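Student: So the chains spell out like this:
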Amino acid sequence: MADKRFFAKSGSYSIADLAERVGGELMNCPAPDTVIEDVASVEEAAGSDICFVENRRYVAALGSSKAGVCLLPRNIADRAPEAMPLIVSERPRRAFAKIAALFYPQEDHRTGVDQSAHVDPSAELGDGCFVGPGATIGAGAKIGAGVKICANACVGEAVVIGDGTVIGENASVSHALIGARVVIYPGARVGTCGFGFEVDESGLVKMPQLGRAIIEDDVEIGANSCVDRGSGPDTVIGRATMIDNLVQIGHNVQIGKGCIICGQAGIAGSARIGNYVVLAGQVGVGGHLEIGDGVQVAAMSGVSNSIAPGQKVGGMPTVPINDFRRQIAAVKALGRRKSDQENK
Amino acid sequence: MADKRFFAKSGSYSIADLAERVGGELMNCPAPDTVIEDVASVEEAAGSDICFVENRRYVAALGSSKAGVCLLPRNIADRAPEAMPLIVSERPRRAFAKIAALFYPQEDHRTGVDQSAHVDPSAELGDGCFVGPGATIGAGAKIGAGVKICANACVGEAVVIGDGTVIGENASVSHALIGARVVIYPGARVGTCGFGFEVDESGLVKMPQLGRAIIEDDVEIGANSCVDRGSGPDTVIGRATMIDNLVQIGHNVQIGKGCIICGQAGIAGSARIGNYVVLAGQVGVGGHLEIGDGVQVAAMSGVSNSIAPGQKVGGMPTVPINDFRRQIAAVKALGRRKSDQENK
Amino acid sequence: MADKRFFAKSGSYSIADLAERVGGELMNCPAPDTVIEDVASVEEAAGSDICFVENRRYVAALGSSKAGVCLLPRNIADRAPEAMPLIVSERPRRAFAKIAALFYPQEDHRTGVDQSAHVDPSAELGDGCFVGPGATIGAGAKIGAGVKICANACVGEAVVIGDGTVIGENASVSHALIGARVVIYPGARVGTCGFGFEVDESGLVKMPQLGRAIIEDDVEIGANSCVDRGSGPDTVIGRATMIDNLVQIGHNVQIGKGCIICGQAGIAGSARIGNYVVLAGQVGVGGHLEIGDGVQVAAMSGVSNSIAPGQKVGGMPTVPINDFRRQIAAVKALGRRKSDQENK
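Protein chains in written order, with the numbering used here: chain W, 4 to 347; chain G, 4 to 347; chain E, 4 to 347.
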């Protein structure tokens with residue numbers, strides 16, 4: 004499936020091996036040693052490919068699939084072609100993700116410091132680092148083992164980066180302590196000066212931004228996203244939180260672990276976000292608010308009050324999601340032509 | 004008009020020549036050989052300049068203009084000063100655009116590979132390419148004729164770029180097949196990893212993103228915009244589609260030809276956008292939706308359902324544009340002080 | 004308070020000296036020569052630190068603070084610990100900003116042109132400039148004294164930059180006249196081509212963008228923000244206007260002085276913004292509109308009509324802020340379950 008120019012495939016695996024790796028159950032599989040060579044979509048899969056089907060919506064495609072083996076939940080196993088071996092899994096998409104990573108490990112074997120990189124003599128680099136062309140590393144920076152600093156990325160003075168982290172092309176990082184296995188995608192900005200000042204009749208006075216950006220292990224920060232450093236307290240992104248592209252994180256924001264912050268969302272200064280929070284695309288969160296663990300905010304919503312843990316909310320400003328749905332229905336009714344109006 | 008430090012003017016043209024090039028009709032023009040030297044606004048134009056007036060709103064300015072010739076529609080020709088030669092055109096702005104491009108062709112004559120650029124020996128470069136200082140081109144990349152890779156831009160391994168395309172300063176491109184005459188503006192990110200994972204109690208599993216970004220001929224992608232590559236299927240931007248700054252295009256999105264996607268709009272994963280669609284500024288489009296040909300979406304609207312071809316819609320979520328206008332009026336009425344309320 | 008790896012502290016000051024510098028009044032201070040070594044938050048301050056408390060919300064923290072001296076307004080002075088010296092100031096946060104800048108002047112002493120920078124021989128550089136690794140400066144550029152062009156930043160041909168301005172890492176500037184003491188943060192794009200074209204059945208015609216971006220003195224443009232150049236007229240950002248991250252400024256926009264444009268706001272082409280205007284986060288402003296002096300627009304609002312000076316507005320589209328609050332209340336009521344409904 005994958006274009007071999009861009010993605011290096013690694014190895015092949017028996018059906019039995021794949022089933023075991025994802026904790027799935029073999030079904031309709033007389034030859035579990037059959038070798039699978041690649042992943043593919045249910046429509047495009049050939050006899051040496053594994054595919055997956057997540058739910059009933061795709062059973063039509065499943066019926067005519069030529070896949071060598073299919074991951075699917077038990078309740079649609081009877082919809083597969085008669086001769087198709089199956090791996091039954093209640094989370095077929097998740098299992099497929101693991102298998103795709105097996106075939107395409109996307110390992111980055113580059114190491115060494117390009118001669119055009121600018122590494123300050125006082126910076127420390129761990130074993131197996133890669134520092135690409137034009138990348139810069141400032142004085143006193145401490146870079147862990149296996150870190151990849153890609154072409155034209157800029158790492159500021161005294162920045163600390165943990166093992167296995169990647170700083171993408173043209174990204175820049177300053178005033179930051181960054182954990183292990185973090186991915187900063189191309190063009191992202193971490194640790195830039197926050198937006199703080201005092202205004203009065205005599206003009207603006209900038210508030211010095213004397214905090215740091217703390218990025219914990221396994222965080223990802225999307226392309227062209229921005230994480231300002233704190234103003235005195237730190238800005239903190241918790242472990243394994245995933246941040247999409249073009250997201251703005253203001254100074255002093257604290258985000259817990261395992262959150263998902265979708266594209267173009269923005270979080271204003273000093274907001275506190277709990278663990279496992281989901282902010283959908285283009286959501287805005289006001290400054291100094293608190294969002295509890297597990298909160299989910301619908302796309303384009305505006306959070307202007309703190310939200311208790313576990314709530315699902317939507318709207319501008321946000322209300323409980325069912326209230327939001329009723330708002331939508333009511334406002335839609337207001338917009339209909341009189342001749343189209345339902346009786347109330 | 005244009006600051007000669009930044010824009011090189013090229014040539015001069017007779018009034019007759021200009022009229023012919025835009026298919027316009029000369030009127031009130033006893034000396035069609037009069038030479039025009041430059042373009043200008045109706046207010047600033049001197050006797051050797053050509054200007055344009057699009058509609059009645061600008062007739063006051065027209066009346067006192069000193070332009071050497073004016074492009075305008077027939078229905079306001081009688082509002083021009085008596086001695087002013089005219090070129091009658093039903094699309095004066097469009098005609099002016101063509102004439103401005105004639106005077107200011109903005110050709111980029113730079114060629115050659117800067118000695119500080121990093122071009123992998125296995126990359127192929129067509130004739131007349133420019134590779135600027137600090138730019139990088141990865142192994143196996145195939146770069147067409149006349150391509151400009153500007154300073155500090157990064158082109159990844161195996162990327163294919165068609166003739167005449169420009170990759171702006173500090174932009175980065177990977178996992179992508181890019182057509183001819185494409186413009187990727189400074190800081191844009193094309194082909195970056197999509198935002199896809201499976202979540203459960205044991206944590207996140209990232210879905211490998213094994214597709215590509217396909218950018219067809221004549222597309223433009225604005226400054227600091229992001230186009231993620233597909234997850235297995237490809238992300239596709241169709242021919243001559245124009246994407247403004249700070250736009251987010253998620254993985255697997257398919258956009259048709261001739262679309263206009265304005266600043267800060269965002270399109271979530273796997274949405275399908277038809278041909279000639281217009282998304283105004285800050286619009287959000289939800290994942291997996293389908294937007295038909297010719298649809299126009301008002302600024303800041305949120306598309307959460309598929310939209311049939313030809314519709315004009317607005318609102319959050321979107322409704323037909325006239326319903327949206329009625330919604331606005333109704334909600335405004337809800338917000339007025341009681342003492343201000345109109346009778347219904 | 005500040006991490007000394009990232010922020011160099013400079014000097015120490017007596018309480019009396021600090022009070023004088025901010026025009027504050029000493030109170031409860033038997034030893035005004037006591038030396039203060041650092042700034043800190045009210046919670047973390049030790050005996051050699053100065054902190055501030057802005058209002059009654061923080062009096063609990065004030066009561067248990069160990070600070071050596073505290074800036075506060077007169078009306079809460081009686082809530083400080085008995086032995087704590089005080090500096091009474093009606094603007095304690097502003098005073099603190101000045102004192103923090105005194106302790107942490109964040110001066111950038113770098114000078115000189117890195118040997119990997121690419122400075123066109125025809126460019127002029129003032130005294131004391133810094134041009135970082137991989138930075139490029141085009142032909143005919145005129146760079147003032149003490150300007151810092153950071154690593155991998157790109158300054159285009161003929162660009163003019165005033166004294167003391169900073170162009171951040173990986174930022175790019177073209178077709179622009181930039182004043183003194185301006186800060187362009189990392190990844191910002193200034194002077195890029197505007198989004199203008201004429202569409203008809205035969206396709207798109209691009210309107211040449213022949214204006215400039217004029218950035219007046221003391222302006223700041225946030226990380227990854229974009230300011231397009233004008234199409235013929237110029238795009239102008241007035242003196243001391245502050246622009247946050249990921250903001251989009253379209254072509255021909257004119258912004259007055261002292262404005263505050265928060266994160267992810269967008270201003271469409273040819274809009275005119277007065278002086279001291281505040282646009283909160285994610286606000287959108289339509290094209291060709293006029294926003295008067297001192298207008299304040301609430302977060303995520305959509306401005307689709309011109310706004311008279313001094314108005315506070317909110318909503319989509321914007322209405323006077325009190326109307327917006329009533330709209331919110333009314334729409335919230337529409338969304339409540341019937342069983343929860345208040346009588347009207």
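Treat the hints with care, since some could be wrong.
[To be verified] Stretch-level coverage of chain W by chain E, calculated; a stretch enters the list once three of its residues show a Cβ under 8 Å from a Cβ in chain E:
1. 71–78
2. 102–116
3. 211–221
[Claimed, not checked] Calculated from the model, a selection of chain G residues having no Cβ within reach of chain W, i.e. all distances over 10 Å:
4. PRO84
5. ARG113
6. ASN173
7. VAL186
8. ARG192
9. LYS209
10. ARG215
11. GLY318
12. VAL334
Hints are computed from structural coordinates only; laboratory data are not their basis. All values derive from a computational prediction rather than experimental measurement. Idealized CB from N, CA, C, for every residue including glycine.
Student: If a hint holds in the structure, say so; if it doesn't, say that too.
Tutor: Here's how the hints hold up against the structure:
1. 71–78: violated (count 0)
2. 102–116: n = 0 at 8 Å, threshold three: violated.
3. 211–221: Check passed, 4 qualifying residues.
4. PRO84: holds (46 Å)
5. ARG113: Consistent with the label, ARG113 of chain G stays out of reach of chain W, its closest Cβ about 19 Å off (over 10 Å).
6. ASN173: violated (5 Å)
7. VAL186: Holds, since 17 Å exceeds 10 Å.
8. ARG192: Label violated. Min Cβ-Cβ 4 Å, cutoff 10 Å.
9. LYS209: Label violated. Min Cβ-Cβ 7 Å, cutoff 10 Å.
10. ARG215: Answer for ARG215 of chain G: violated, closest chain W Cβ roughly 6 Å.
11. GLY318: Label violated. Min Cβ-Cβ 7 Å, cutoff 10 Å.
12. VAL334: Check fails; 7 Å does not lie beyond 10 Å.
In this structure, the hints that do not hold are numbers 1, 2, 6, 8, 9, 10, 11, 12, in rising order.
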